[in-house]
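Line order of the protein sequences matches chains W, P and G. Quick note: the first sequence uses the working numbering, first residue 1, plus one each step. Quick note: the second sequence uses the working numbering, first residue 1001, plus one each step. Quick note: the third sequence uses the working numbering, first residue 2001, plus one each step.
Since the hints were made in silico from the structure, they are not lab data. Here a beta-carbon is modelled for each residue, glycine too, at the ideal position from N, C-alpha and C. Please note that the accuracy of each hint is not assured.
So the derived list for chain G, only partly shown, Cβ under 8 Å to chain W, looks like this [as the list claims (entries may be wrong)]:
#	residue
1	L2051
2	V2071
3	A2084
4	R2104
5	R2149
6	V2153
7	G2165
8	L2167
Restricting the straight-line Cα-Cα distance to at most 30 Å, the calculated cross-link-like pairs of lysine-lysine (BS3-like) are [to be verified]:
#	chain 1	residue 1	chain 2	residue 2
9	W	K90	P	K1012
10	W	K137	W	K124
11	W	K124	P	K1209
12	W	K185	P	K1057
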Amino acid sequence: MSRNSIMPGFRPTIGFTLLYLSLVVLIPLSTLVFKSFQLSWDDYVNIISNKRVLSSFRVSFFTALLAAAIASFFGFIVAWVLVRYSFLGKQFFHALIDFPFALPTAVAGIVLATIFQPSGFLGKFLMQTFGVQVAFKPLGIVMALIFISIPFIVRTVEPVLLEFETTMEEAGASLGASRWQVFTKIIFPNVFPALLTGFALAFARGVGEYGSVIFIAGNIPYISEIVPLLIVTKLEQFDIEGATAIALTMLVISFLLLLLINALQFWVRKRSGQL
Amino acid sequence: MSNTSLPINPAKLLVQQPQALQDPRWVRWGLIFIAISFISLFICLPLLLVMFQAFSKGVEAYWSALSQADTLAAIKLTLLVALVTVPLNTVFGVAAAWAITRFDFVGKSLLTTLIDLPFSVSPVISGFIFVLLFGAEGWFGDWLMANDIKIIFAVPGIILATLFITFPFVARQLIPLMQEMGNQEEEAALSLGASGWKTFWAVTLPNIKWALLYGVLLCNARAMGEFGAVSVVSGHIRGLTNTLPLHVEVNYNDYDVVGAFASASILAGLAIVTLILKTALEWKQANR
Amino acid sequence: MSILLSDISKNFGAFSALNHINLEIPEGELVALLGPSGCGKTTLLRIIAGLERADQGRVLLSGEDKTHQDVSERGIGFVFQHYALFRHMTVFENVAFGLRVKPRRERPSDAAISQKVHALLDLVQLDWLHDRYPDQLSGGQRQRIALARALAVEPSVLLLDEPFGALDASVRKDLRQWLRNLHHDLNVTSIFVTHDQEEAMEVASQVVVLNHGQIEQQGSPSDIYDHPANAFVSRFIGQTNVFDLEQHDSDWLRTAGILTPDQQGKIAHVRPHDIIIEKSSNGADAPATLKDWQHLGALIRLELVKNGANGSAAHVFAEMPNDQFKDLQLNRGDKVDLKIRQAHWFH
């Protein structure tokens, strides 16, 4: 370790940082890895290839993917509108975007369940007009995850749109491009990396989300049971091995996702010559 | 990579676009309509519903739900958890930001990544790892049992899980800010003979105070509202290990809708206060 | 293509950026819009381009009224102050952009686009950079790529906003010369905005001086230098000594030879090179003392102090060729005689 600064306090701050990081994060997380070493490969495959486990993974990933995609589409529009247009109440809506971050997930869960349950405000409407049931179906999970995803998308896209060099748009227009061409060829390619990052963040969060989902999902095995709930169920049945195997799989997948996001950002910056 | 948003200067949203970049009127109003409808459906509606449900049986029912012994115990426990975890993670955040932004050392970027780690772990897994450590079948299970110490299904477990979940919040806000600020002001203070502590209190802290408060605010909101991780380690013992979010769940599952929404409305109120303070801090930080 | 602006006004809130501008620019000229910052020159350029709408007045290109036409349909080429290159596209794709966004019927084939882009990159001598990204280029290179991109659509008018503003001094010198030559070869009507009078005089065939949203004077560089229309232009273009009759001793001015019976106005502007210096034989009665001098390359600038005066009004600057100065064999503190060849009088 090198210290090429006259700043004081390196030893105490780095010491405390490493100690606290180890105690609170690294040691607890590593127990999951060590615990999984007690499983044989066959045990692991057995647990994971169980039909109920596989369908919970399918439900979790599919709903998170769909929700992140829908939230990306609308979140982009919201960010665009907030940055580019002026309208009454704009600052109010801007502040509201973080509501899903600030609202405890359990509250979000019961609220969304209440809205979308068959007797609920929107649930009844959707049931009667379109014959669509939202609650206790994968669609309900998607709704809850859209709610959770909104701030991820808007908050990653908004700053990029704010800092966007608008003279690039003027240059495009002066070269004869229509407004639509300016958007598709100049604005969108520059905002896309941020949108993709927001999408990946929302997806990663959605896969692991628990509180806001379990109330609306109905938690029917094979249909609307998500992976985090299955871990809890295994735990309640004192099936520590099962819980460990599933949790480790989830953890590895989220880290791979994290890696993918970083690689993606690196690639985008490299491609546009910023590295 | 972060789960929390960095503050945006709200004044920037007020800037008018150059004329050549204005979209046709129908596009503008169409998109504004879509955006507002989307936010109304997914954000305003849930917000209104919490308030509506909480008072649906009248203010009296609301008060009686809130003044139940179990509810009060849940509020107390939630405050206790926040009171322990937020200061600890704040001290950590400042120390980590100082070490990372003021010094060069091997493994710095790895350390920064590791600090973010809890953000990418599912809340359920965050609770589960503490069960693996301190649960009956955990590494320390037998020893804890022999010494009659309870961590899982008790308050210490709840605090540990919350510490893990809210671990990166303060550091996440401070690191980019202190990186950008550089250390010239501190070097100036030190060269004028100020001690390290004096420099931190008189030079660094005034510069980072809004970002620090911002981080503390988000950390606190999450500490009070965490559900998944706490749910795994708590055991849902009424009056003892139920935090407010868990109390919401228990009431809801017992079909006590008013009770559930009375507790939920406290948490929603917390979220709204958080949003208001957050917006105020964004303006403060912008005008710094 | 000729440009005609008639009665253009533009306000930003309470601030009046342009005030009843009338301007005619004949075909093929290279025009500088010159003025201090905030004078409205960039706004005027953006109104000609269609990037900004005037509150009042009309824009005619080749006699056609284009006031309400969108920027994308005006057929102008615009070079932005900070170039505004598309960061996510290579140099080649940047230059090709204007061709690729043409409606299908008018769009050239890929081969034709490629040929044209490489020809343009050759023109700006940067074809070897065609697969780089803008972030990998130097300021001068970006500037030339921005120009090539604007030229790709064969604009009838080329508009440049502070084209040399963001460049190093040495690069700026080279690019000025290069732009002049390029204009000579292409002969497309061009307007550039600058706050640097030297740049305007060196590059442009016509200079339009703007101040506070109004045109102070329009003319060739020599016109503007030799016959400034008013005190602002005279002061803004080149160095000037200002003599105010109410502040200066008229006897002194008479000895210096600028108080003539037919003079009009109270304020005289005198170019430094219009002051002739000679070593004085009068001793104590001499009109000025040599305080200091600076080498400006081929010229020497002399800093003189009027005898019997003080304050800012007491300083006079004169310029003369190097060798002439050597012949005079002057030292600091020497008394000098001075004659003023020519002055511009303003009220």
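Okay, the hints, checked on the actual structure:
Of the supplied interface hints, the one on L2051/G holds, with its beta-carbon coming within about 5 Å of a beta-carbon of chain W, less than 8 Å. Annotation: V2071/G was flagged as interfacial toward chain W, and the flag holds, the nearest CB pair being 5 Å apart, inside 8 Å. For A2084/G, the interface hint holds, the least distance from its beta-carbon to any beta-carbon of chain W being 4 Å, beneath 8 Å. Checking R2104/G against chain W: minimum C-beta separation of about 12 Å lies over 8 Å; hint violated.
Checking R2149/G against chain W: minimum C-beta separation of about 7 Å stays under 8 Å; hint holds. Annotation: interface hint on V2153/G holds; nearest CB of chain W at approximately 6 Å, less than 8 Å. The beta carbon of G2165/G comes no nearer than 13 Å to any beta carbon in chain W, farther than 8 Å, and the hint placing it at the interface is violated. Because the beta carbon of L2167/G sits about 17 Å from the nearest beta carbon in chain W, more than 8 Å, this interface hint is broken.
Straight-line distance between C-alpha atoms of K90/W and K1012/P comes to about 12 Å, which keeps the hinted pair within the 30 Å bound. Only pairs whose Cα atoms come within 30 Å are accepted, and K137/W paired with K124/W is accepted, the gap being roughly 15 Å. Under the criterion of a C-alpha separation no larger than 30 Å, the hint pairing K124/W with K1209/P is inconsistent with the structure, at around 48 Å. At most 30 Å may separate the alpha-carbon atoms for a hinted pair to count; K185/W and K1057/P exceed this at roughly 55 Å.
Violated hints for the displayed structure, listed by number in ascending order: 4, 7, 8, 11, 12.
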